[in-house]
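Participant: The chain contents come next:
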Amino acid sequence: MPGKKLLAVVLIGALGVSACGANDQKPSDAAAAKPDKGGTLRILSESRTINFDPAKSQSLAITTLGLVHRRLTGWQNAVGQPAKVVPDLGDTGKTTDGGKTWTFVLQEGLKFSDGTPITSADVKWGVERSFAPAFGGGLGYHKDLLGGADYKGPFEGKELDSIETPDAKTITFKLTRPYGDWPWIASTPAFAPVPKGKGAEADYQEHAIASGPYQIATYSKGVEVKLSRNPNWDGSKDQVRAGLPDDVVIQLGQDASVVSQRLAADSGDDQSAFGASFTSPAQLAQLQANASAKSRVVTSKSGAIAYLALNTQKAPLNNPKVRQAFQYAVNKSAYQIASAGTAALAGDAATTLITQGIEGREQFDLYPSKPEGDPEKAKALLAEAGFANGLDGLSLVLNKSNNQTEKAEAIQAALARANIKVNIRSLEADAFETETNLSDNPTYDLTLSSWQPDFPSANANIQPLFATSEIGKGGYNISRYSNPEVDRLIEEAQSTVDATEAGKKWAAIDKRILEDSPVVPLIYTRNSFIHGSKVGNFFIADFPAYPNYLQVGITK
Amino acid sequence: MTKHVAARLGGMVLVLLIVAFCTYVVFYLVPSDPALLACGKPCTPENLALAREFMGFDEPWWQQFFTFLGGIFTGRTFGTGATAIHCSAPCFGYSFRQNTDVLELIAGRLPVTFSLAIGAAVLWVGVGVAVGVYAALRKDSWFDRAALAGSVIGVSAPVYLVGLLGILVLGFQLNVVPVGNYTPFAEDPVRWAWGLVLPWCVLAFAHGAHYVKLTRSQMLETMSEDFIRTARAKGVPERTVVGKHALRNVLLPVVTLTGIEFGSLLGGAVITERVFSLPGLGGLLIEAVHSRDLPTLLGCTLFAGFLVVVANAVVDLSYGLLDPRARLT
Amino acid sequence: MSTPVARSVPAAIRSVLARDRWALAGTVTVVVIGLVAIFANVLTAIEGHDPYTYDATALDPNTGLPAGSFGGVSAEHWFGVEPLTGRDLFAIVVHGARTSFLIGLLATLVSIGLGVLVGAAAGYLGGWIDRVITWSADVFLGFPYLVFMIALGAVVPAEFPRALLLIVVIGFFGWPSTARIVRAQVLTLKERNFVKAARVLGASPWQVFRTELLPNLWGPVLVMATLSVPGKIGLEAALSFLGVGVLPPTPSWGRSISAAIDWVSVDPAYLFFPGLALFAVTWGFNALGDGLRDALDPRSVTRR
Amino acid sequence: MSALLSVENLSVDFGSSPAVSEVSFSLAAGEVLAVVGESGSGKTVTAMSLLGLLPPTASVSGRAVLNGRELYSLSPSELREVRGNEAGMVFQEPMSALNPVFTIGSQIVEAVRVHRAVSRAEARSRALELLKLVGLPPERFKAYPHEMSGGQLQRVVIAMAVANEPSLLIADEPTTALDVTVQAEVLGLLRDLRDRLGVAILLITHDMGVVADLADRVVVMNAGRVVETGPVRQVFGQPAQEYTRTLLDSVLRLDSRELAARTAEEPVLELSDVSVTYGKFRAVSSVSLEIGRGETLGLVGESGSGKSSLAGAITGLTRYTGRLVVAGKEVSQLRKADRGRIGLVFQDPLSSLNPRATIARSIAQPLVLHTSLRGRELAAKVDSLLDAVQLSPALRDRYPHELSGGQRQRVGIARVIALDPDLLIADEPTSALDVTVQARVLDLFRSLQRELRFACLFISHDLAVVQHLADRVAVLHRGVVVEEGTSVFAAPRDPYTQRLLASALTVSV
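Protein chains in written order, with the UniProt record's numbering: chain A, 1 to 556; chain B, 1 to 329; chain C, 1 to 304; chain D, 1 to 509.
The set of hints was computed from the structure by calculation and includes no laboratory data.
Here a beta-carbon is modelled for each residue, glycine too, at the ideal position from N, C-alpha and C.
Among these hints, one or two may not hold up.
The following label-pair restraints were derived from C-beta to C-beta distances [said to hold, decoys possible]:
#1 Asp226/B to Lys336/D: 38 to 44 Å
#2 Glu78/D to Pro205/C: 58 to 64 Å
#3 Leu24/C to Val368/D: 28 to 34 Å
So that you can see chain A by itself, here it is in the shape it has in the complex (with noise of 0.2 Å):
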């Protein structure tokens, strides 16, 4: 769920762009220092595997698996800036009949690793790879729209008949319905190229054949990958990536507090590594003493929004004025420093549900209080709906993998003021997710969670969240939220191409959906990383809140 997978996300990929810190920090020294070509980049993971088989990757376009896979689209960001879809293999799509077709067309002279020229029946390859059982796991937002719901892959002989390649340069994708956010989609792992007839092996990830900068030299299962300089890759053909280093190093199942340790300490090979795991508050606080470490520290200006889902389909809870009383009940900042220390590191309390740093965002507060709440309007709310004694026994479930406990606590003491009173139920994370996004008929009240978007469109904040067809069944609205005026907004705006009205669009539906307060937004998560000083070009964009490992490089 949000919370795992963003987990997930975090600890398969890492990320790397930027800049601005919290505070008003400036660029780092070390970023301001221009990166030369050549050296070797250590990536200290968190992780035990990284998994560079695109089908099974939900790792985001500028982090690890964007070193060796390409994409048909590619992310451009930039601090201040919007992340924009931009031309990787191919160009950024084209339709003609108001987003049911998309048609992508890639540059002349591409090739993979082992010398053969990369085509489109290479990417239609990947993409009908991904629909085999055997290839789970990874992102599949296209899954649906190319219509392949009895499709089990082509290594039964079948090919997916939606997918078209008139020529070794054209791919043309026939959707079941409109869809505007197509070239973001395009930009998912999936879309990387897979020799056609190729990957049928378990361990396809270990030597998947590359069409990035780097491949795979070697794969050591837990302990570390190497990877390479791909002689086959064109920088002048790639716009995304800047390939700076000769060897990448990315060290496996490293223990959070030693990375940051080791990263603080700066002494050889560290200094040109950096970490691929949020900085906690622990090591933040830490990290303030020592004026160098400091200097290193990278935080992002915003990041994945943390919310509070209220089940909108269970009583007391399925009445909005209900809802809407937890707007006020709730003490953000004390969410803030239970989450990071302060409000600085934890990032700015959440009042919409679109996060920063994507298109067409609208700033608004529908339900305006003091950072610490309004416990008395709340409980005003409340009588209002006919709770004047407030309400007992609410279920609040957790992902103990998430160590959210202090959060879920900070919430729960926040709540008991406006006479509200929650039980906090811990589960491991699959009794969770069977909870909340499998269950028909779940228990549980209210929850914690938060939300990336896999890719920067508003589609990808509010769809999967808010859609009835995401509730149960694998989907993440575990607010339970359903309104057919909503998904009638979402469809429509799905569908629209342009996408500054889209954005518009986006907006609207926000909202539109917080008017109804199917969740509580509490903040959006800064993350902070810290890296070596021979590290160069370390910066996080506005969006997403990881810093672009395609752009980094190491300073002499």
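With the hints as your guide, set chains B, C and D onto chain A.
Facilitator: What follows is chains B, C and D alone, placed relative to chain A:
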């Protein structure tokens, strides 16, 4: 003799089967679904069903257990056609969470855990026995008192507490020893040893304490035996009395304890490896528990049970070597 | 066969405390922490905080660390406060003692009780009962029990009281080692003539166990129990350390220590107080147990 | 003849009370000097002091000169030279005196090599020579201690002690733990060694028979002091001291008289064709016996003869085949209520009493199990039982370890007679007691039997005790009763019985 060995082997296999079965049942009851992970995002019920079928989770649970057992002897194949995954015999399961044959996972982590355990055991048995013997010989001296006080502290201080303090003081404050760096022995033996120095010492401090206490009391007991008096009456030098006559008898319980501790190595490794961030079996186990990776868990528990059984057998065997009374006739 | 000096258990305890300074110090430590656990509510009432209330005002607004030196130790907060939450650390440590003692002592009771019964049955009755029990003990010792506890913690529904679960699980997995020792003791005792005499007189196994065996097992059992309490307390702390022990917000030393690891270089007090408490109570029981063993265990010659 | 060893004014104390005070004696080359005394007389401490084998807490004063060397002032390395070289030592418990984890051969070799710079092969051949000397076959060289019998082990210990042809052999109760026939062999070996090697022997023993058999002179000790010294013949024939006389009077003498025949009464115990087997081993085979009311049957046998198995069968602790009837009921069918009809007195009185139970509770146990007596009545009954075995009721709240050996055995008897049993089985009830105590316990036994008229199976290896107490005697050898009747001592028919009687040592001078 042959019959005895056969009975023993049979018993070992039965123990392992029971361990495996209990592990299986307990973890099967845990709400868990590895197919969820392979299902993708968003995870539709159709995708989930496909993933389940592919992994063999659509069978009834008892049948899955027998399929698992069968795999040990015949190997298993998941899925069909070009994308099928083959896990050759002995197949201790295939982890879809980690996309690996479990045996391969264990084999990959084993060197770390063994490096840790064997190095530390050599240290703690050696130092523990030496200190225990010396303390017993100098009973009531300051050395004896210090050894006893130290051993009570060693027994009382949790490994993770001592480990953390060690990392903090020696690793980060004084920068004497490296932290969180495991180098395979084959790659660079010196860096291998240097990287493990701190964990070895910490483990040796905690475990060696038991050996000090055990050796000391055993030594005191042995030194009051009649045969020690006989040896002295023969005119045997005191050094030989201690080093030959007493020590050989003292070693018996030490060997037993070592065997038991070695058998439970995996359980202990869970905490040690977490503290020292070492990529060993304990870490694999705890990751598997947290991610409900049933095949890996089953494989690990079976392996752990196997270690215990083997350790017991080795203890029995070395008993026979050390103590003629225990020899089979 | 040399016959041990028969010393009554209370007399042995008295003499140990009179003679052995370490054992006395251990006892004092255990008693003091025990009293702290019993009167946790009173103590926290005197200090004026409970272990659950968040207090942002006790934190440094720039870092989320406790305001003030050494973890915010002050007249207001005797052991300082937790970072990020501002909860009172003294209250947490004191209530953590309650968790530790409750689980440690009751789990010991369970494991020793089971171990004595099962071990005595194996040793005294012999035959197939002995074989089955000895064999089961082997099976149990072969279990990676830590993994099992972790797993059981996940299987049992959240509604089930967690402390009870830990007591039962920790206690249950402790029986084999006790049973082995008791079995060995009973095998020796069984050969002693007074047990034979009772059997000749027609006493039933239960009567023999109660009147002949048990009085002679008290010494070793008490020693085993005392020495196994710290192990049980440590195990609870270790499980909490691994995140599978008592559920938050119930205070637990192990969980505090686990949480404090990350903070140790900036807020050592957070590790110091729970760590010290855990060490002190473990050490206390061990020192007392060693003293008792010297006095009660006939095989031991480790007199100080 | 100048003294080989002379001890002058030896005093030893362990902190508080002196264990040995002002002991003096001397020993000439080739002479056998026995030091006798009951437990606690200080005889063993005296012997141990000579080779510096006392625990470090002991403080020793006085002088002991061996071959002109002052033993008590030797440095550790000088002391080592004396040990095993000039003076060899033989201990009481051969089973524990040898290191269980080394072969006996290697232990003998060690004894040789410690004092002689010889090669391994030479030491080995010397060890084989020694084995032959003590009458063990050379194959035993590779044997481990647990594979050998007590008598064989004692021979090994002796072989080590004489390995370097010492001038003095200190033998501390060398035969106490051995069977009668084995004891005779070991004593024979010692005598032989004295004759062949000319070694002087300092013999520590409590057994007057052993003294009479082997020693030239005797030192009688009591409570750490020397009571009397002189040639054996003189001291035993005309003891000068009252204590010596009492000691000698307490020794039961074995003679060849016929036991007084009794008229047979109704049998209380009947065994016919009783066998006990453990796996393939037959411990008791086809034994048939009977004992009438008020009668005592003495059962004589050495270790391994099956007497304990037989006792186990009769008390229902051991499975058996055949017919075994007590007071008209088959033992294997006995119900709990009938169990009280059989009483059992054990060899080691301390181990037969629950160390955690008071004397009163131990005595009351059978009454609690089998009668409805409780409270005041029970206490009164316990007191009367204590009185019956001539113990003060003041002992009722004591624990076993607070009593002397004789008192404990009386408690054991009191407990057994509490239920007025039909049959009493006494398994070596006095062998752990000093002679003077033994005599008194046996007297008590006899008077109780006269009064209570129980049938008694009296098991002992001590022929004199059996002769003293029994009406009839049965001899058990390898599970078979080889001879039975009243004339066993007067006219033994079976060769084993003859050998047994021949081995028995007498004090008759």
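Participant: Regarding Asp226/B and Lys336/D, is the given constraint of 38 to 44 Å on their beta-carbon distance met?
Facilitator: Holds, since Asp226/B and Lys336/D (Cβ atoms, about 42 Å apart) stay within the stated range.
Participant: Does 58 to 64 Å hold as the CB distance between Glu78/D and Pro205/C, or does it fail?
Facilitator: 60 Å, holds
Participant: Given the hint of 28 to 34 Å, check if Leu24/C and Val368/D actually sit that far apart at their C-beta atoms.
Facilitator: Cβ of Leu24/C to Cβ of Val368/D: about 39 Å, so the range 28 to 34 Å is violated.
Checked against the numbered hints above, the structure violates only hint 3.
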